[in-house]
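K.L.:
Starting from the known structure of chain A, arrange chain B on it as the hints suggest.
Protein chains: 2
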Amino acid sequence: MTTSNNGTGDVDPAVRAELARLRDSIDNIDAAVVHMLAERFKCTQQVGHLKAAHQLPPADPAREAHQIARLRRLAENAKLDPAFAEKLLNFIIAEVIRHHESIADNKNSDNKNSDNKNSDNKNSVQQQQSQP
Amino acid sequence: MTTSNNGTGDVDPAVRAELARLRDSIDNIDAAVVHMLAERFKCTQQVGHLKAAHQLPPADPAREAHQIARLRRLAENAKLDPAFAEKLLNFIIAEVIRHHESIADNKNSDNKNSDNKNSDNKNSVQQQQSQP
Numbered sequence: 678m679t680t681s682n683n684g685t686g687d688v689d690p691a692v693r694a695e696l697a698r699l700r701d702s703i704d705n706i707d708a709a710v711v712h713m714l715a716e717r718f719k720c721t722q723q724v725g726h727l728k729a730a731h732q733l734p735p736a737d738p739a740r741e742a743h744q745i746a747r748l749r750r751l752a753e754n755a756k757l758d759p760a761f762a763e764k765l766l767n768f769i770i771a772e773v774i775r776h777h778e779s780i781a782d783n784k785n786s787d788n789k790n791s792d793n794k795n796s797d798n799k800n801s802v803q804q805q806q807s808q809p
Numbered sequence: 678m679t680t681s682n683n684g685t686g687d688v689d690p691a692v693r694a695e696l697a698r699l700r701d702s703i704d705n706i707d708a709a710v711v712h713m714l715a716e717r718f719k720c721t722q723q724v725g726h727l728k729a730a731h732q733l734p735p736a737d738p739a740r741e742a743h744q745i746a747r748l749r750r751l752a753e754n755a756k757l758d759p760a761f762a763e764k765l766l767n768f769i770i771a772e773v774i775r776h777h778e779s780i781a782d783n784k785n786s787d788n789k790n791s792d793n794k795n796s797d798n799k800n801s802v803q804q805q806q807s808q809p
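As given, the protein sequences belong to chains A and B, one line each in that order.
678 is the number of the first residue of the first sequence in the working numbering; add one for each residue after it.
678 is the number of the first residue of the second sequence in the working numbering; add one for each residue after it.
So here's chain A without its partners, still in its complex pose:
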């Protein structure tokens, strides 16, 4: 392979082909990661509903510390920068906690609405009862 890039995209065809080969692999991996993360969010969504239903806090620092330590070990074995793996997990966990909080908020506002409806019903019953 010879170098023939003039900085305006005029790249040696062999270099271009090798770049395309690598980028195809990167695109395949990205598709796999997106689908794994879609599955992960299905799990954390269920965790969020479970936590909201049982008044568990959205964040769980002990669980997160355990996850981070484990992922750093896995990353090291796979020759991935453990600091990057930790940053990435923190990034994903922050998103998950936002989801959990929004599930809990929705649940609280549903409860309030249902309380209001109950009290509306009571008022309506009282009104009906007070009517002749």
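Don't read these hints as lab results, they were simulated from the structure.
Keep in mind it's a predicted model, so treat the numbers as computed, not measured.
Careful, some of the hints might be misleading.
Simulated coverage check for chain B against chain A, where a stretch passes if three residues somewhere in it have a Cβ under 8 Å from a Cβ of chain A [to be verified]: (1) 693 to 701; (2) 708 to 716; (3) 730 to 741; (4) 750 to 759.
Cβ atoms here follow ideal geometry from the backbone N, Cα and C, with glycine treated the same way.
P.N.:
Same frame as chain A, but now just chain B:
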């Protein structure tokens, strides 16, 4: 399942079991993602060396725009928040560009060292030649 959490970790055993089941799946998915990303960085590392060897710029905005549009479509089909998929890809790409820059920097300093060595060799040859 009944709610019996007093906020200090005293959780109904059935809830705890369901949480453990979901967390096992999350841990399996995280291990898969770490290994996929290790493989992804092996590819981008090769891209980095290719770019450095052929004086291609570390970042490629057209390629990145294409990746983001594609991943948003994939995310949508997989019912993953496309905005989250985009943020995640940007996070990974930022790390990759840092790697590319450091590969390019190392290559430049290797070249300088090798230039210095060549000039050292020339000096040494000149010294030898000037010696009797």
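K.L.:
Each hint should be assessed against the structure and marked as holding or not.
P.N.:
To see whether the hints hold, each was checked on the structure:
1. 693 to 701: holds (count 4)
2. 708 to 716: Coverage by chain A holds here, the residue count being 9 at a Cβ distance below 8 Å.
3. 730 to 741: holds (count 6)
4. 750 to 759: holds (count 6)
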